[in-house]
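Undergrad: This is what each chain is made of:
Protein chains: 4
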Amino acid sequence: MSRAILLVDCPDQVGIIATTTNYLQYHKGNILDLEQHVDDSTGHFFMRLEWELSGFDIPQDRILEFFRNEIGNRYQMNVELYFADVQPTMAIFCSKMSHCLYDILYRIQSSEWSVHVPLIISNHPDLKYIADRFEISYHHIPISKATKLEQEKRQIELLRENNVDLIVLARYMQILSSQVVEAYPNQIINIHHSFLPAFAGAKPYHAAFKRGVKIIGATSHYVTNELDEGPIIEQDVVHISHTDGIRDLIRKGKDLEKIVLSNAVRHHIERKVLVRENKTVVFN
Amino acid sequence: MSRAILLVDCPDQVGIIATTTNYLQYHKGNILDLEQHVDDSTGHFFMRLEWELSGFDIPQDRILEFFRNEIGNRYQMNVELYFADVQPTMAIFCSKMSHCLYDILYRIQSSEWSVHVPLIISNHPDLKYIADRFEISYHHIPISKATKLEQEKRQIELLRENNVDLIVLARYMQILSSQVVEAYPNQIINIHHSFLPAFAGAKPYHAAFKRGVKIIGATSHYVTNELDEGPIIEQDVVHISHTDGIRDLIRKGKDLEKIVLSNAVRHHIERKVLVRENKTVVFN
Amino acid sequence: MSRAILLVDCPDQVGIIATTTNYLQYHKGNILDLEQHVDDSTGHFFMRLEWELSGFDIPQDRILEFFRNEIGNRYQMNVELYFADVQPTMAIFCSKMSHCLYDILYRIQSSEWSVHVPLIISNHPDLKYIADRFEISYHHIPISKATKLEQEKRQIELLRENNVDLIVLARYMQILSSQVVEAYPNQIINIHHSFLPAFAGAKPYHAAFKRGVKIIGATSHYVTNELDEGPIIEQDVVHISHTDGIRDLIRKGKDLEKIVLSNAVRHHIERKVLVRENKTVVFN
Amino acid sequence: MSRAILLVDCPDQVGIIATTTNYLQYHKGNILDLEQHVDDSTGHFFMRLEWELSGFDIPQDRILEFFRNEIGNRYQMNVELYFADVQPTMAIFCSKMSHCLYDILYRIQSSEWSVHVPLIISNHPDLKYIADRFEISYHHIPISKATKLEQEKRQIELLRENNVDLIVLARYMQILSSQVVEAYPNQIINIHHSFLPAFAGAKPYHAAFKRGVKIIGATSHYVTNELDEGPIIEQDVVHISHTDGIRDLIRKGKDLEKIVLSNAVRHHIERKVLVRENKTVVFN
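Protein chains in written order, with the working numbering: chain A, 707 to 990; chain B, 707 to 990; chain C, 707 to 990; chain D, 707 to 990.
Rather than coming from a laboratory, the hints here were simulated on the basis of the structure. Don't take each hint at face value.
Claimed, not checked - Once the Cα atoms are required to be at most 20 Å apart in a straight line, the calculated EDC-like pairs of lysine to aspartate or glutamate come out as:
{"hint": "1", "chain 1": "D", "residue 1": "K916", "chain 2": "B", "residue 2": "E818"}
{"hint": "2", "chain 1": "C", "residue 1": "K802", "chain 2": "B", "residue 2": "D791"}
{"hint": "3", "chain 1": "C", "residue 1": "K978", "chain 2": "B", "residue 2": "D950"}
{"hint": "4", "chain 1": "D", "residue 1": "K978", "chain 2": "D", "residue 2": "E856"}
{"hint": "5", "chain 1": "B", "residue 1": "K978", "chain 2": "B", "residue 2": "D832"}
{"hint": "6", "chain 1": "C", "residue 1": "K916", "chain 2": "A", "residue 2": "D746"}
{"hint": "7", "chain 1": "A", "residue 1": "K834", "chain 2": "D", "residue 2": "D791"}
To be verified - Facing chain B, from chain D, some residues (calculated, C-beta under 7 Å):
{"hint": "8", "residue": "D746"}
{"hint": "9", "residue": "T748"}
{"hint": "10", "residue": "G749"}
{"hint": "11", "residue": "H750"}
{"hint": "12", "residue": "V919"}
{"hint": "13", "residue": "H948"}
Claimed, not checked - Calculated Cβ distances over 12 Å to all of chain C for the following chain D residues:
{"hint": "14", "residue": "Q793"}
{"hint": "15", "residue": "N829"}
{"hint": "16", "residue": "K909"}
Don't be surprised by glycine CBs; every beta carbon is placed ideally from N, CA and C.
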């Protein structure tokens, strides 16, 4: 039995919930889950609806069109529709550090996530042995200042050939230029190894050590054209003390990065994240 | 503008959400918040609905009756109805330790909570000076094995005279007998100073120290006739180490108890808690 | 039986621990606790020693002089000496928010801390009723741009008359000018309501809400002439979500601020904190 | 440059620290780190000392003997001596779940830990492909009630042949009988998937779900003959809510188990753990 997942957001108005749930019921859709949120500061409404497709009397390939015509347009809704049995297609970008890559591949191999990973892209050859181990195609695409735009075009080509709709930057140590970012809006997830907005930019653990903070963090966010400024999906922290040198921060940080990135990816895969004005709503 | 809050639970069936929201919309109730949950292990449905009363076309004092007749009975719902502008009336029970009592009274005085506290009941006279400071009536009702049932009758009388509908045991070191417990089902909130079910019973910090755990906890739960076995509302923990002696556990535990108890009480006051079969659903 | 507490730091060298402990043993000082740390990045050594004074054969008022002459100078040590039975004398500064003030006064009243509080200073009259309740002298010293330096002189006078050696800024919403800061180096503890260095400056909860972070924090630090840049003593965080508006952040933040500030003050009172180059070593 | 690590514990007496540090200094041992603890409830003293071997004037293979004769016996010390450049030799036991095994092997492969792993032992063949991937010998030793004691003898033989001095039970779903436990006292580390002592025994996540707790935990401990009762090395927890079914608890628990087990193993490998009377002292 498959399920449909609808994500909508629109200016808040009277009657949205009743109208929408009534529409689904009228078409014989059994609602399995409903989560909604109103941002009081902007008067904006967000909702995630999940219902059974078996018995639903609108053909699957016309649901989006029908819903937009009959409900969405009336409320000026942004609408996204997903089907639980259609796996996202994910590309992983990495550089030389393996901890996040390994962690992600393990979760996929052990079926913790329902996602298809046709390729790994890296600017270094170092982690090819891991891709081999998990039998995933590994594309080494070196990047230099001079070649960046050209090489990114190759990346985009590969992503398109593979119908990728989610890119996970597993400690990919390159800044994506706008041609990539804009081709995949709210579809590129990065892990930054600090509690943003603290210590944005390079070498956050060194900066944290220098400042003498008592907590370090990690932040997973969608990538936008503003470096380290995209909508935050997930953050977590770990306590440190004066006994922790930079190497300890890096070690503790790795465990944190794995958890924070994987939680963000899971929320995305389960279609729990809505983005608006650089902020996220992440339903349970 | 006042709001109504409806808490319902029933066996899960197709159409509950749509039917209920449609009913409210039909009667011109603007839904402000909806949270629902299905426990897959039991097939039971839970929902919390909040809507504006202004414009709603059922008189306030007949909403419960109408809703039961037209919706509730059809789905075998348990229904509770509250109004956001009707404050709960809370009694606090304490013994000799003041930290939770102080914490609660501070929250009320600073308007963090919207609740009315007509009385404090204690088996000891020690904390009367605090009640005086906050100008709340303090009833010293000593308890001995011989007098317990009789003295509890006095407690119940006082609670009834004051129309109490929530009792908070702020480290009240007496076990309530069933006459009190049954008069206030899911209306008595206790704080137990351990991570239940670990270290139930007396002296949990001593037991934790003896066992050499690396974390201590606190648990807030509704009181039932089974000691320390009632539905858990909130739990939290704090890390400890070999450097912490029993006095440190007690000190760290106090800060934890204050937070855990106050969070549980807040959830209750905001009508976010549903209870079924010794477990709670605590909405956001 | 009283105890002496020695805090030392110096460039790391061979033999410091053995020499120091041997010195104390030679003078019949029974060592109760020793904690030491070497910062590998700077090669600097830190140590805290606690020993019994009963039996110690150097007169209490000459220990510092003797130790400096015989040990400290040889290793270029910074040396501080405290006696466990000499209570710190603390002044509390506050403005209009009462949560931290209340929390601190409760800890003192319930003997959680061993500290003497002769006065509270505020730029507003609002919290005088709390000072009265705890029977502590309350000095209302209004501050305007024009009067600031003059009024701070009155503050310093009061602090000196009362032999204050620790100032706790319990959400005191004024920036202290350098005449106060420099009169009390590493003796003024502030609570900032964000996870510094994120959201320094005014209105951090508003900034956090705007940025859409998933965690908020609080930071307690010694005050220096650089605003929000002093050595960090303690930090903690709490998770938030899209359901939390600014009022929720403020509410959750208050509980956090109380804990973080009180932990920092406790570390200071127990003489567990050493400061060097804008960072702290906080022993267990 | 190698380092020696000394772990001692004994009844607390005057002069232990000074005498010991003086002894090392006399023999030209430069102390790099000293941590000590006195358990006030039992009057027992614990210390960990780390010093440079270069320049130390006692031959490495006689340090233990000399120290015992000249210091240890006088204070009735239990003494353990390690050398930082001698790697522990670790065996991993597993059954069918791979998450902890993978996590450990990844840490070793990426040189996070300095440890030698000559073999993996399992009662099932399922995870052999992982051992192959990491090129570690995998011994499938099936266990039935009837064969248990005999098969454990084979296990012990293998452990001895490989000079194993640390056994990590990475979700090994068999109870070790006393012949194994007693051959490796305080050398077998287990991960239990609950916050012990809550939910000891089998199926702790099911028990936690049934009880309706709001937090789940994991506990890493040394294995003794009392099931789930050995000295606790590390514990941690994660918050859950009514939205988490048993599968969610299992998923969240896996991430927790990995972290808690790996932290416990790291503490052990770094020789930071002392055990006494079923409790641990875990230095920083």
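Undergrad: Sort out which numbered hints this structure fails and list those numbers smallest first.
TA: 1, 2, 4, 5, 7, 9, 10, 11
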